[in-house]
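**Q** Sequences are here, hints too, so could you generate the full structure?
Each chain is listed here by its residues.
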Amino acid sequence: MWRTNLKVLLLAVAVVGFYTMVAHVIPQLESEVPESLTLGGDVTPEALVAAGERVYNGAGGCTACHGLGTRAPNMLTDHAGEGTIGARCGAREAGKDCKAYLWESLTQPGAFVVAGFENIMPDMRRQLPEDQVWAVIAFLQSQGGEVTVTGADLASATPASSATAPAPAVSATTDPRQLLQENACLGCHAIDGAGPPIGPSFDGVGQRLTADGIRRSILEPDAEVAKGFEQFAGTMPKTFGQQLSGQQLEAIVQFLAARK
Amino acid sequence: MTTELLSLVQAVADTTGAYGRFPGIGARAAVWIAAQVHLMFAAFVLGVPMFAVITELIGIVGKDPKYDKLSKEFTRLLVFAYSATALWGAVLVFFLTTLYPRFWSHMARIFGLSMWIYVGLFFVESFTLYLYYYGWDRWKAGRAKWVHWGLGLLLNGWGTAVMFIANGWLTYMMSPPSGVTAETLPESVGTWNAIANATWMPINIHRLIANAVFGGSIVAAYGAYRFLAAKTDEERAHYDWMGYVGNFIAISTFIVLPFAGYWLGREIYEYNQQMGITMMGGFMSWLWIVQAVLIGVLFLAANYYLWLGMGRIPGAERFVPYTKWMLLLLVVCWIIWATPHTMIASREELAAMGGSHHPFLNVLGVMSAKNTAVNLMILTTFLSFLMYRRANKRPTVAWARSGTIVQGVMFALSAAVVLLYGVYGYFVEAIVRIGFSVYQVAAVLTCILGVTVIDVALGRGAESRGAIRWGQMPERSQYALFVLAVTFTWLMGLMGFARSGIRQHWHVWEVLRDTSVDAATPALGFAANIISVCVLIFLGLVAFIFWLGGLAERATAGAPAGRH
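Which chain is which? The protein sequence lines are A and C, in order.
Number 266 marks the last residue of the first sequence (this note's numbering); no jumps.
Number 569 marks the last residue of the second sequence (this note's numbering); no jumps.
Just so you know, these hints were derived from the structure itself, not from any lab.
Take every hint as true, because none was put in to throw you off.
Just so you have them, the derived chain C footprint on chain A, three or more residues with Cβ under 8 Å: (1) 9–22; (2) 27–39; (3) 128–134.
Computed from a prediction, not measured in an experiment: that's the story for all the values here.
Glycine is no exception: its CB is placed at the ideal position from the N, C-alpha and C atoms.
**A** Pasting the structure below:
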């Protein structure tokens, strides 16, 4: 009997050993913890960029999506002939300089989604302290552009200029089409038969929903998910209640309710 | 400066007293081992009662005492395993309270009430088990037997409730309800709100099925051990049959497990895209290659066992020529499934490959190819089961030939759908491609269900080509059952690491940060070392339980006749 026991024991150890060996021969990737930066108000651009590069390639987890350029645009290579991120960031959105655009991209990623990609990026402030977000912005600016992030940005809890304030009201306009454009609604919803199918089309929305239903969908996008779009539940920003004035919200609601 | 100083003081205050120290291996490894071994035993004591009641029911309805004996034998193992589960659970709680007091305080403030209910249910569950086991011989006939069977059913109910509660705690750590942030007071979260989170039900279902798989494989290993140790032909025949039943339950439930896994994965993506990407495409992407290696071994060992088993069935010779082709298909599919998509390469290697993706890996290492491969492996394994089932039967129904042809057509159609969508997946957007896996899975499930229904009807009144010669199995077949049990156990540890590791440096995702020295999620090599230690501890203790089971049996057999 002892021979059987020994054979069973050796078999178990061999099987366990084989799996352990397989797990050791594959690439050993470790998930890093965001490190605390000790960058003061007198930090140099070079130190900011270096810190940002560490966060970008490590704890920020940015390369999981931006590394290959399939789930999200590659930051370090040319995209659609517009150059690397430092070169293209200033021309992405009208009225936003590079720093403001990148701040918005990292803290309100749903506000502007590059055509051809989905709105899958989280608000990085839930993952990283704000000084590290600024360091990442400095690193991205250094990729083909000028680094304008300074120690003053790190020192303040909110961005330095009004152009970079989080969740700003886009403009004072009450033109519904302009509002849909400015709030990046058309990045996910089609209108006039054109646009990406990430959210339900605005064409005929007045037949499917009442004005109250449309208002609720804007303010509480996850309260009721449209049939056929379940896989995108949770992707629509929940910030429009703060972003839009009451007048602007009503302008959009009435405009959409009339599209029957 | 004052603000920075205050922040520093706050950070120190937050961390002081938050973590304890454990000598030698550190706090994380200590809690990891305690939690994993506890979970392995918990899976065993939840999985085994499921088919203890099923086999008892078969015995009652079919009036076959063989099944009743088998069911009682399963249950005897449970009595010992329950103690081990409770002991490791106590170790885990003590480790958590002493090594992770801040985390424990957070959880207790939210889940206190459910923790008391959990302990209460554990008591009730244990006493139900004792009644079920020790009442076996007293309530063995007539209405009393049905009452006894009801106790088994109740035992399953308690066990499932206990598991669902514990799953609420761990899934809250993965997917706390939206609106809960680092600033939220734990008392204000609400226990039910925290339990009924996004991943709770997918984990519940996934674990229910996985427990049946795990329990079946351990029982099969027990049967294998007793087969090898058997002194008589009768004993050998009984344990050969027991190993077969355990393995049948393990593999048949295992076939549906990937579908529960798809649901869980989808819920994780819907809850948080970043978490999903970390799991499938981030630092954990290579974990799925290791998983593919393990599951490939499972498929090969399961099929090998069935093919060897056909040697003891008269009439099975007619299927033998096909097995080499099935083996070839399984191996090719396994290789495709275990093909990585991206390689970590040097600049020179990238230049040689002509890009970040090797042209060969870029074709086979993608989901279209992998889903196709795994579905074909499931179909092949089902075909092995069917051959095994049909081996000694000669159908007598008038439509036997056309029924068999329909079964063949169903197999062919299912394989064609799987292949078609596999190839078509290369020509469409990712979001469309993801939906194709549903069609592939639906085709395979439809085939399995349809063919089984036809086969049951075909078997009615079938002539026998000869009785199965239970016990006449080569010894190597029993070692295949050991390989299955060890692999299932290791796989459970690996998936536990995947589920827990995707939280990365968070105790509770984006709510309670891990600020300990072990906050970084380790690489797979380190994780594999811990998993292997857990597996060896668990298997060592299970071997001890098996030995105890044998002792108890000998003691009962040697007891003087009289009142028990």
